[in-house]
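Trainee: So you can see what is in the structure, the chains are spelled out below.
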Amino acid sequence: MPLRARRSIGRKLTVMNMLVSGAALLLACASFIAYDLISFRSLIVNNLTIRSSVIGANSVSALTFDDPAAAETTLSTLQADPNLVSAALYGADGRLFAAYRRASGLGVEARLPETIAVDDETRQSWSNDPGIIVMRPILFQGTRPGTVRLRSDLGALRDRLMRFVLIVVIVLAGSLVAAFLISRVAQRSIAAPMVELAKFSEQVARDRDYSVRAPAVDGGPEFEMFTSAFNDMLTEIEYRDVSLRASRDELEERVQQRTAELTSVNQELEAFSYSVSHDLRAPLRHVSGFVSLLNAHAGPSLDAQSQRYLTTIAQASARMGQLIDDLLAFSRMSRSTLTKQSIDLGVLVREAQAEVMGHTPGRDIEWKIHPLPEIAADRPMLRLAVVNLLSNAVKYSSTRSHACIEIGAIGDDRLETVMFVADNGVGFDMQYLHKLFGVFQRLHRVEEFDGTGIGLANVRRIIQRHGGRVWAEGEVDKGATFYFALPRERTL
Amino acid sequence: MAAVTRVAALAGMFVLAGASLSAQPKTSEYSVKAAYLVNFGRFAQWTSTPNADDTYQICVLGRDPFGALLDKAVAGGTIDGRKVVVRRITQAKDAPGCRIVYVSDSEEAQLARTLAGLGPSHVLTVSDMPEFTRRGGMIQFVADADRVRFEVNTASAEDAGLSFSAELLKVAVAVRRIRPGA
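Top line first, the protein sequences correspond to chains U and W.
With our numbering applied, the first sequence corresponds to residues 471 to 962, in that order.
With our numbering applied, the second sequence corresponds to residues 500 to 681, in that order.
Don't take each hint at face value.
Only some residues are given here: those of chain W computed to face chain U with a beta carbon under 10 Å [stated by the list, open to error]:
#, residue
1, ASN538
2, ARG541
3, PHE542
4, THR546
5, GLY580
6, MET628
7, GLU630
8, ARG646
9, GLU657
10, GLY660
11, SER664
12, ALA665
13, LEU668
14, ALA671
15, VAL674
16, ILE677
For the record, the hints were derived by calculation from the structure and aren't laboratory data.
From the three backbone atoms N, C-alpha and C, an ideal C-beta is built for every residue, glycine too.
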């Protein structure tokens, strides 16, 4: 990255310099060459004109005294000029009198007009091949014996152009090398500080160390401004970073403190409830024990009223014992460790159904058990939860002559397994939903449905400890449906 | 003068046309010679001006072979700014005033005397007769195949106080430098 940065900015500067100098040089050379070629061309025309006048002067007698051989001798001196394509003399009547044609590898190349128009003007024109034609009348003592016509190709011009192009290429190459070397040196004053700053900012961004400061670079006032602004920003960031870190640390500390407090309070509370429950059992055992002793000892002698009192006391103490047992079980549930294993929910539900049915013989209950998946859970705990749900369903549908309980799994979610237990019992009012899963929270009186109010609290505790959730839907007299969702283990 | 050059060029054209036109009519030959006669003056220079006449006289001594051809050749022509005129003379002592004297074949018998008579007049002598340059004449027409050419004797010209330009000598068939009797 730093290498690339150096290359890119350095190369940009170098390329820019080379382009500028190259373009300027090229333009200068082009205009110089154009100017030179134009003047060289007029020089060629001038030379041709002069030569035509010399040839004309030397051909006067040949033309006058009708001696083409002498004229051709004169013309043949022109072969010294390799660029001269042809030379011709025309008589006063415009007819070809004598000619010289340059011999080339391809034979005689010039085609000469047999006649020309006679006039007194010196003419020059461009021929197609390309070349220059000069036509000059020969004037001699008031007579006009004929016309000279010279034709030159642009070989000289081309040679000159080639020489120029060669020179331009050499000069251009030399200049570009020079520009390259100079800009390599010059770019250091611009690119080097920039690269240094870029490297520095990259280091800051990577290390997130805002305590460092950009070093002063020698690159002009802009770089000083840039460095100073950058350092100001670093100072600001550092300040904010420090205060942010401080407040975060404080927050963390407070959270830890609160958590510790809550944990200890919760532990105290659970220890308290456990010891209370445990300590309550001994006096309760005394109560129920002495009630049965009293019943055995003086039962027959007591009147019906007293016997009913005793029975009530015995029932109440039994119920209290049940409450305490449940509470202890609930408390244990919170503390015991989870041992997850693969469980066939279908099998588990059948077991729970058998157990629940064993407690409630003689009921007409229609069971609809759909296929159920395998899940990963602590078997005893999950079994307890399922038993609680099933016994709930059985209990609250007891007022129905024909109870119907449906158990199944919903959907095919890859993240969690959702199981439901639906009954057609008394249902509940959705506005008391929040009370449904609380400890000792009951929506019905004991006289209607017995129970300690700890079953659903247990279900929720068990499912929550598995990382799942529970919820319910219901309507008064229309039945209730309880759901729990357990997260799927990827290992299964 | 335009006619002169045209005739000369016409002759050149015939030359270029090739050998098929070997037999030229006599009139054509003399029209060429007439044109040459005028043009010789343009290639000759006098060291002294023998007369200050404002005309440039071309004289025919003896029997005139040109007839109207010569008059036609000089019509409108000028040499050195002087109008060219034709004068026909019968004897050498009539020569003063002439620049160029065409010595006709009729003078061949008494040529030496005629040339001697022309001497003081400083004229350019031209003739058709054979051996003219060897006998003290200056320019002699020579038939070369189908073309009209000429020989020059520079010694005779020098004796008469005139010189030919190198251009003229260049196209001459022969340039001699002899004095008869020397």
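Trainee: So, W:GLY660 near chain U? Judge it on the closest CB pair being under 10 Å.
Mentor: Result: violated, 20 Å to nearest chain U Cβ.
Trainee: Does the closest beta carbon of chain U sit nearer than 10 Å to the beta carbon of W:GLU630?
Mentor: Violated: closest Cβ of chain U sits about 21 Å from W:GLU630, beyond 10 Å.
Trainee: Double-check W:THR546 for me: the hint is only fine if its C-beta lies closer than 10 Å to a C-beta in chain U.
Mentor: At 18 Å from the nearest chain U Cβ, W:THR546 fails the 10 Å test, so the hint is violated.
Trainee: Could you check if W:ILE677 really has its C-beta closer than 10 Å to a C-beta on chain U?
Mentor: Constraint on W:ILE677 not satisfied, violated at 22 Å.
Trainee: Using 10 Å as the Cβ threshold, decide whether W:ASN538 counts as touching chain U.
Mentor: holds (5 Å)
Trainee: Going by Cβ atoms only, is W:GLY580 closer than 10 Å to chain U?
Mentor: holds (8 Å)
Trainee: Hey, does the W:LEU668 contact hint survive, CB to chain U under 10 Å?
Mentor: holds (8 Å)
Trainee: Does W:VAL674 pass the interface hint, meaning its C-beta sits closer than 10 Å to a C-beta of chain U?
Mentor: It is violated, given that the least Cβ distance between W:VAL674 and chain U is near 13 Å, above 10 Å.
Trainee: Given W:PHE542 as an interface hint, is its Cβ closer than 10 Å to any Cβ of chain U?
Mentor: Holds - the Cβ of W:PHE542 comes within 10 Å of chain U, reaching about 6 Å at its closest.
Trainee: Does W:GLU657 meet its interface restraint, that is, does its C-beta lie within less than 10 Å of any C-beta in chain U?
Mentor: Violated: closest Cβ of chain U sits about 20 Å from W:GLU657, beyond 10 Å.
Trainee: Min Cβ distance, W:ALA665 to chain U: is it shorter than 10 Å?
Mentor: This interface hint holds because 9 Å falls under the 10 Å limit.
Trainee: Would you check whether W:SER664 satisfies its interface hint, that is, whether its CB is within less than 10 Å of any CB in chain U?
Mentor: holds (8 Å)
In this structure, the hints that do not hold are numbers 4, 6, 7, 9, 10, 15 and 16, in rising order.
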